[in-house]
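Trainee: The primary structure of each chain is shown beneath.
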Amino acid sequence: MFSSNSTADYMPSDYRISGRKLETILGPLEARVMEIVWEMKTPVSVRMVYEKLRKERKIAYTTVMSTMNTLFEKGLLDRKIVRGRGGLLYVYWPKLSKEEVERSVVKQVIDSLMRNFGNSVTSYLVEITASDKEKLKVFKKLFESLEREG
Amino acid sequence: MITFLDPISDLTQPFFFYSVVFSILLASLTYITVKILKIHNPRFKSFFYMIPLFLPLVVYAIFPPSYISYRSFTIVAKISNPAKLEDVSIDSFSVKTADLKVFTMQVFSITGLLCLTGLIAGTVILAFLYVFGSRIVCWLQGVVELMPEEEPELLAMVRGLAGRAGISMPRIGITEDLRPNAFTIGYGKNAMIVFSLGLLKMLDGAELEAVVSHEIAHIKNQDFHFNALTSALKIVSFFNPLVYLLSSAIKKEREFLADNTGMKLIERPWVLGLALKKIWENSKGFSRGLLRQRISSFFIASEIRHVRKLLATHPSLESRLNNIAERTYRKNASRGEVLRGILACALIIMVIVCVYGLSTWTHDTLTQMRTPVKEANVISLTHKGAYRLVISLLTNFIPEEAAKDRGKVIFLSEKFDPEQLTSSPLYLYTSVTSARSHPFPPFYLSRVSVSTYSWILTSIDIIAVAIILSLFYRSDFGKAIKKLLK
Chain A
41 MFSSNSTADY MPSDYRISGR KLETILGPLE ARVMEIVWEM KTPVSVRMVY
91 EKLRKERKIA YTTVMSTMNT LFEKGLLDRK IVRGRGGLLY VYWPKLSKEE
141 VERSVVKQVI DSLMRNFGNS VTSYLVEITA SDKEKLKVFK KLFESLEREG
Chain B
10 MITFLDPISD LTQPFFFYSV VFSILLASLT YITVKILKIH NPRFKSFFYM
60 IPLFLPLVVY AIFPPSYISY RSFTIVAKIS NPAKLEDVSI DSFSVKTADL
110 KVFTMQVFSI TGLLCLTGLI AGTVILAFLY VFGSRIVCWL QGVVELMPEE
160 EPELLAMVRG LAGRAGISMP RIGITEDLRP NAFTIGYGKN AMIVFSLGLL
210 KMLDGAELEA VVSHEIAHIK NQDFHFNALT SALKIVSFFN PLVYLLSSAI
260 KKEREFLADN TGMKLIERPW VLGLALKKIW ENSKGFSRGL LRQRISSFFI
310 ASEIRHVRKL LATHPSLESR LNNIAERTYR KNASRGEVLR GILACALIIM
360 VIVCVYGLST WTHDTLTQMR TPVKEANVIS LTHKGAYRLV ISLLTNFIPE
410 EAAKDRGKVI FLSEKFDPEQ LTSSPLYLYT SVTSARSHPF PPFYLSRVSV
460 STYSWILTSI DIIAVAIILS LFYRSDFGKA IKKLLK
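As they're listed, the protein sequences go chains A and B. Residues 41 to 190 in my numbering are what the first sequence spells out, letter by letter. Residues 10 to 495 in my numbering are what the second sequence spells out, letter by letter.
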């Protein structure tokens with residue numbers, strides 16, 4: 041019921057070059073909330089995330105609530121009304137695993153670059169691969185296996 | 010030797026019998042008084058309904074409940090040669106003679122156990138409510154306290170209304186519940202008003218202000234203390250069904266009072282009616298059967314949401330809307346109503362005093378059992394403040410007063426008609442009574458007999474009732490008394 045839907049792709053609306061990891065596509069708080077939701081591995085309520093975040097920083101409950109609502113609207117979280125502590129409340133769980141989101145972001149970004157700057161992207165990839173012997177080996181193996189498969 | 014008290018004797022133990030029967034009588038009297046004297050003020054009514062809940066404590070002060078301190082004695086052999094009783098030596102409760110045997114034994118009283126359990130549990134619950142009540146509700150309901158910078162509009166609204174009510178700013182909390190609800194926990198400076206997310210989303214500004222005013226009114230009216238005391242007293246008499254009705258009635262009156270007080274704090278009081286209606290309609294179809302919610306409601310001073318049950322702690326929507334429509338909140342208790350309230354209080358207190366007198370007088374005789382005995386010469390066994398055996402055919406027998414610490418057995422002579430022996434059956438009375446052999450201090454010290462005292466009190470009560478009733482049915486007389494009181 042609460043499992044992530046691996047068939048869906050995440051389409052980031054924005055990409056920040058200066059950001060680190062998930063913060064390139066999400067705000068810092070959104071990224072931290074997503075990390076917590078993935079860590080908890082069970083459906084979580086806003087209060088559960090809030091209590092975890094409160095140990096790290098001074099934060100308002102309503103801020104966490106609106107952040108989780110935004111993540112739901114962005115399609116990263118799914119939610120459902122359940123009977124829990126205090127009454128009927130929303131519980132959230134991730135729609136995609138962390139790896140699926142990362143792969144999806146890479147795919148979307150590179151697809152966009154290839155579409156718009158195809159030649160430049162290819163030559164740059166060759167350039168950075170040639171400068172690193174380890175990467176070069178990896179690429180060679182990848183190409184060889186692709187050729188064998190025909 | 011431990012044995013169980015027979016059911017009838019157990020149910021008529023003074024502490025149990027009086028606490029149940031007289032609280033029922035007093036509740037009926039209070040209800041009738043409130044109706045006859047037309048007392049509408051919810052504050053007065055809640056105080057009146059509280060009085061019968063206190064009665065068991067008064068009864069327990071007079072007859073301390075005990076589950077095992079009862080003594081029973083039974084004569085098992087016939088008295089074949091009464092003349093020899095002159096040689097009887099009395100040692101506490103045992104009479105040493107070949108023909109007369111008296112046993113002492115401990116009797117286990119279930120009602121005593123119930124009363125003691127209620128008393129202990131009530132005290133524990135009261136302490137628990139004050140020490141852990143708020144924390145338990147916060148944990149059960151998942152309450153999150155808002156920080157000062159959160160929800161600035163709501164905080165400003167609460168601050169304004171608290172200022173108008175003359176109380177310090179309460180803390181604000183929210184629950185994740187998507188259904189509309191609000192409640193108050195704690196008291197004084199630690200009071201917290203909790204709103205559900207459902208309520209905050211559903212109500213507009215004016216409606217939310219009305220709900221806040223209702224919750225502020227609960228804090229102003231000290232409803233936490235009132236409800237804590239009611240809950241504890243309910244636990245004390247948990248075996249008495251009446252207390253559930255009374256506590257429900259008290260909480261309903263406190264809700265009306267909170268509505269009235271709250272409406273005085275806002276400019277458009279009728280908006281409270283709109284808000285209540287909205288909350289009611291949006292609460293339909295949600296069951297509240299969870300144990301967690303039931304436990305929470307025990308600790309919560311006020312919950313705005315309606316519960317459709319016989320013993321609901323909240324009045325129905327209809328009655329609350331009527332109350333709002335009638336604008337009773339505009340009216341402070343009139344001088345006449347205050348006067349009626351004082352008189353009703355006086356009447357109820359007099360009845361309590363009378364009950365006290367009557368119960369002290371009669372409590373010993375309630376626990377007697379009668380057993381037929383063949384060929385026995387014992388014609389009766391009675392006791393009033395002490396155990397007393399009255400034995401026949403003992404002319405000019407001088408009472409043997411053995412006033413030992415543990416009790417006394419006194420033999421008295423009485424004129425006895427020998428024909429009675431043959432014409433009517435003889436009975437042996439087995440007595441089970443409390444260990445206390447002396448009347449309560451005021452009666453013990455007074456030379457006026459307890460029965461006389463009770464009759465005096467009863468007469469005073471009857472006169473008082475007559476005066477109060479005539480006061481309200483004869484206006485001239487009523488006016489004269491009012492002038493006198495002014």
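Please note that the accuracy of each hint is not assured.
What the hints assert, rightly or not - Computed cross-link-like contacts, DSBU-like style, restricted to lysine-lysine with a CA-CA straight-line distance of at most 30 Å:
| # | chain 1 | residue 1 | chain 2 | residue 2 |
| --- | --- | --- | --- | --- |
| 1 | B | K44 | A | K95 |
| 2 | A | K95 | B | K273 |
| 3 | A | K120 | B | K286 |
| 4 | B | K210 | A | K98 |
| 5 | B | K287 | B | K210 |
| 6 | A | K61 | A | K92 |
| 7 | B | K287 | A | K92 |
| 8 | B | K210 | A | K114 |
| 9 | B | K210 | A | K120 |
| 10 | A | K92 | B | K210 |
| 11 | B | K273 | B | K198 |
| 12 | B | K47 | A | K98 |
| 13 | B | K287 | A | K120 |
| 14 | A | K180 | A | K61 |
| 15 | A | K61 | A | K138 |
Rather than coming from a laboratory, the hints here were simulated on the basis of the structure.
Trainee: State for each hint whether it applies.
Mentor: Here's how the hints hold up against the structure:
Proximity of B/K44 to A/K95 is assessed by CA-CA distance (about 58 Å); at most 30 Å being required, the pair is judged violated. For a cut-off of 30 Å, the pair hint linking A/K95 to B/K273 is broken: about 42 Å separates their Cα positions. Pair hint A/K120 plus B/K286 holds up; C-alpha atoms about 27 Å apart against a cutoff of 30 Å. Of the supplied pair hints, the one linking B/K210 and A/K98 holds, its CA atoms being roughly 25 Å apart against a limit of 30 Å.
The straight-line distance between the Cα atoms of B/K287 and B/K210 is roughly 12 Å, inside the 30 Å bound, and the hint therefore holds. Only pairs whose Cα atoms come within 30 Å are accepted, and A/K61 paired with A/K92 is accepted, the gap being roughly 21 Å. Simply put, B/K287 and A/K92 have alpha-carbon atoms about 35 Å apart, too far for the 30 Å limit, and the pair is violated. As the CA atoms of B/K210 and A/K114 are separated by approximately 22 Å, the hinted pair is consistent with the 30 Å bound.
Under the criterion of a C-alpha separation no larger than 30 Å, the hint pairing B/K210 with A/K120 is consistent with the structure, at around 18 Å. Taking the CA atoms of A/K92 and B/K210, the gap is near 25 Å; set against the 30 Å cutoff, the hint holds. Between the alpha carbons of B/K273 and B/K198 the distance comes to roughly 22 Å, so the proposed pair stays at or under 30 Å and holds. For the suggested pair B/K47 and A/K98, the alpha carbons sit about 56 Å apart, so the restraint of at most 30 Å is broken.
Between B/K287 and A/K120 the alpha-carbon distance is near 24 Å, which keeps this suggested pair within the 30 Å criterion. Between the alpha carbons of A/K180 and A/K61 the distance comes to roughly 27 Å, so the proposed pair stays at or under 30 Å and holds. For a cut-off of 30 Å, the pair hint linking A/K61 to A/K138 stands: about 11 Å separates their Cα positions.
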